[in-house]
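Got two chains here, separate frames each, mind docking them using the hints?
These protein sequence lines map, in sequence, to chains D and L.
First residue of the first sequence: 0, per numbering that gives the first Met the number 0; consecutive thereafter.
First residue of the second sequence: 0, per numbering that gives the first Met the number 0; consecutive thereafter.
Among these hints, one or two may not hold up.
With a straight-line Cα cutoff of 35 angstroms, these simulated DSBU-like cross-link-like pairs (lysine-lysine) come out [as the list claims (entries may be wrong)]:
1. D/K375 with L/K211
2. D/K41 with L/K213
3. L/K355 with L/K315
Simulated from the structure, these hints should not be mistaken for lab results.
For reference, the chains in residue letters:
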Amino acid sequence: MQIVKENPNVVGLAVNVLKKGGLVVFPCETTYGIAADATNLKAVKKLNSYKKRPIGKPYSIAVSNIKMAEKYVSLNSTARNIYKEFLPGPITVVSYGKHEAPTTSRSGYLLPTLRRERNPSEAKNSSLQSASSRSRCFAKGDKLAKGIESETGTLGVRISSYLLVNQIVKILGFPITATSANASYMKRPYRVSDILDNISEKQKSLIDLIINAGELPHNEPSTVIDTTLDDPVILRQGKIKFKDKNEVFSGSEENTQNIAKELFQKYENYLGKRPIIFALIGEMGSGKTQFTKGLGKVLGIKEEIVSPTFNFVLEYKKLTHIDAWRLQKPEELNTLGFLKMIEDKNMVIAIEWADRVINEIKNQREHALVVWVKIKYGKRGNERLISWGVI
Amino acid sequence: MKILAIDTSCDETAAAVTENTKIISNIIWSQASQHADFGGVMPSLAQRLHRERIDFVVNRALSTAHCSLSTDIDAIAVTIGPGLAIALEVGISKAKQLSQKYNRPIIPVNHIEGHLLSCFAQPRNYKLQIINYKFPMFGLVISGGNTQLIYIEKIGSYKVLAETVDDALGEALDKCARVLGLGYPGGAVLEKFARLGNAKKYVLPTPLVDDKIKNRFSYSGIKTAMFRLIEKEKPLTKEKICNLATSFQEVAFKHIENVLSYQLNHKQSLALRAQPLTINHFLLGGGVANNNLLRSKLRKLLKPYKITLHTPYSKKLCGDNAAMIGVCAYLKLKARNEKLRNYKNSDFLDRIPRMKF
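So that you can see chain L by itself, here it is in the shape it has in the complex (with noise of 0.2 angstroms):
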């Protein structure tokens, strides 16, 4: 099955031609702007909004994957939410329009389950079938606008197991490369000058340690220690922002592991049945899943407990892209046994800026 996938929940335009679980074509806007055939790049946020990229988007990703609406593709995936009301808009429309134009059904995808479901995509040349993993597993999606921990019982059906009471993970580790004087966004140059950082040079506290259930992650404290640590170390030196550059990712990630160990130890009861609950795979995605510390952390705590960590198989794919809102439609239809025309009626497709699960 060929799907046309667009996904502009926030800022990235994307679009993109996926078959089954594979990328036939993922595009991108910061990637597509170095194309000449559409000018400079105009960084406001009025180009955030889509309207003027979407179309380009569109068409760029039909033609690398030398696809036509007519004839090749199937279906359109959309994303719905959760996202920027404003800019989620431009692209349920233009699937609106691409819908009624051409007369194909659209599957209405929810933008973090596309994060989740990332690590069952597979390059377009990839010879295996669909990978077949046992359910259920448990997922973590990380990025600017989202933290949770999701137990997955099987493919649309999951349970949020702990989210963010304030800031999203990948929105402190942004932060953090901010007050470093490291741009924005800086979650990626913070973890290359945290490499050369001493860890134990700065102590800073671990958030929510007296949780005596661990289902919600907070990032406010550590900032706030963060601040007052930049200014008690003002001037800062190279050395001085690799150390805390360092510091900060360890504590903001020492809060996942915790929340995690604590989750997979009372995995037991999420169990339906008396049976013991077994889980072998770990499915990680979202922008901060191409932290290699986090990478290695997840899967040296992961590995006691017999478990599998899966992350995506491009750093492209860990961002926002259109693919895997793509490769998440054909999954959740496969896993419901659906029939395309049950999507045919595309009236009441509405964004829904705070969706859940």
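Bound conformation, chain D alone (with noise of 0.2 angstroms):
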């Protein structure tokens, strides 16, 4: 692992790592990022065992500008739009990926052989049969390796306005991923101590490159918009806002529970100062216990979360989490120690149930930093919009 200054001469260092298939961990205008090539799979499996990351879980990548990302993704005009008004910036824009769809005069001769493997128990087969096939009349660097676009073909893709970042894809050539440095649930990197400090020896030796920018100003991460539903929907909610609202889009327990690791984070500095409460109102069902272990696992509780419906408190080290569904006043929210609990200013506290003791947790307003979170089922299975709000 090499660890240099940022300076003119690191954008030559970095691509030639990343060439090699390295990895390089890069300032930009939200936290340190890690870059690995995109189109290169061994450089993303070497950054999945870096990252921990669950196999399934899609990477964002970055490119230099709009052409480059339409080699890679369909651009529908929403998308087109958000390119145009906030890009190059902090928003990573959610299409659909090319990996299934070469142009015609590229690979015609492709198509038949797809068209006649469609059916659904070779789908597979086909898709596989098609990668090896493509990659033989593609030009390196066009197809993006596997396990960067999720598992149902979308990818996200921002253009840094951070320079360096930019000048480094330019003179690659082709992607890299943009994800931030730190493994999945672990804190936010501003500094690169922020990042080794919370990383294995392992991990540190996957790293080829750091490029030190000292501390980067506490932004917030991209925004992250989905255009690929019939309505726009956000996915992660950074300082680019598209609602009058702050409401994201959950598509799995994983992402509910990602969710509550993002708004943790926004919120993490008040630790220490102020307990933050959660306080989660949703229906039966709708995630609350999802979103919890979300705030479980990005506060390193190994213990698995649980529906404390029936204890109404569950008390874990740094976490407390309670249900106020059995509760038959409000007021017994106190008689539960809610007042001892909120004295800890390095607590977390989830209440499932809150607008059962909405007054309860209001009083504490000024002890405490309340989130008030609002899990609403969406029109699909396993689909919710959350929305939250700081009073």
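Here's what the structure looks like:
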């Protein structure tokens, strides 16, 4: 691992490392990120073991301009508008990737084969085969490595406003992964030490180059907007807002946990000064316990976070998990020792069915930071809309 | 050996007197409250905190058993976890206070172990000596707060084979009853409605069917599916409620059966030696053990394996109670061949709200 201070010559160095399949930690307008050549499967696998990511979780990529983006994603009018208005900048735009649809002019001969095999049982085979055939007719850098796009074929793209990143991508000629340099559910990295202090020796050995730009301004991670659905939805709310309220979209339990992590990290710096209360409101089965599981993960709690409905309160090291569902009167929250709990300024308190104890929570807003989180059922299956506010 | 047992793990304030595995008295507040000498029921958490009613319940357990702490009782058993910390505290401090006053040893008991061994409890007039089932066996504790499948090598030596990652089964049933408008806690009412329903009417997804190694339970997915289904079916008629209740129970129990079958088929991995592992007995405990449909499903599942299902002898023993704590304390002592005097020092006795095996 090599650590160099940010300077004009570092671009060439980074490009060389990336070309060889190495991992580069770089500064940008949000947090420190970690880059791998997004078209190199080996490099992406290396990144996976560094990030300790579950298999199947996609990566966003950084490109240098809209033209380069269009090589990898199909942009609809919504996406195009966002690119025009906000990029380069701290926004990740999710579109459909082009992995399955090479243009006819380039690989027209592939299409009949694909068509013939289009029945569901063989779909997997066909995509494997087409991938291998495609690699023959694609120039290097045209095709992203497996695991970059999501399982549903969507892909997040960024164009960074941080000059260094853009230069690296431009010279490299193909996209790099744009993911934060911390391991999953670890501290947001604004300093190189934020990264190094929180990873194992083995993880350290996977990093080839660190470009150190000192402490970055504590900006939020990028806003992530998904343009593939009928209405564009926000997957992560950063500095740039698209709606008049804070609302993000969750498509799975894992997503909901991840959103909890993001929300915690937004307000993390209050800890120590005041405890943080996540007041959770949502119907049965909407994912309040899932949300708390995410808080547990980011707080490093190893035990399984389970529903506290029966027990009223489950206490972990830095997290107190309360369920107001079985309370018969709101005042009973205090009987459970709520007032005592918020004396601990380092405590994170998650309260399920907080709508049943609104006043009890509101009364404590001088002593605690209260984040109201509303989880609503979305249109289909596991879809949820999660909104929040601090009052 | 006569034991005064106390359990205040969550909702119920309970005390009992047991002699070996026989139950002499078994008092639970909800029942005790019907007696006029303690006024009406005051349903609030302050009441759930047991402080006001612990003395009454303990005295009642002693008087019903015609026992006195100074002459008849050999030891005190108390639940130290898992449960609600402030509730556990009440039982523990009461036990400590009595222990000091009457110079009696205190035996700490795990609430789940109490449920697990509740099948061994016998009525006071029971003629037989201790039931002598052959170990190892399997046990399943299913209640409002716990869902655990346990391998019992012998008493005191357990391995949790599967437990819930979100809701307990009893809690899921109660919540389902609530959204169907059947009140709370409605698990038992749900069962009644489910008897009248048609399970084929609605299909809910069975949880975690994709788990290769089935070592966990989860009820969050069917809660979500149920909520969406109910929204779609509104307004609910009685027929719909019955059908929905049936479908929910079916899938909730199917999940238990799937995990149990898997664990039975892989039981050999639990064997310490190369010999084949024979299991002939299965203990069922906890509030949901009262559900007749589940009992018959389990019996059917266990039959080909030549395993007998055992359930507590009364409904009262399934829900939270103190008699099971007394029986458990006795069985533990006996299994370890321990002397009561080892339990004289109670200073270090403390609650363990998230106690594990």
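Hint check:
1. D/K375 with L/K211: Cα-Cα ~31 angstroms, so holds.
2. D/K41 with L/K213: Judged against 35 angstroms, a Cα distance of about 33 angstroms means the pair holds.
3. L/K355 with L/K315: holds, 24 angstroms
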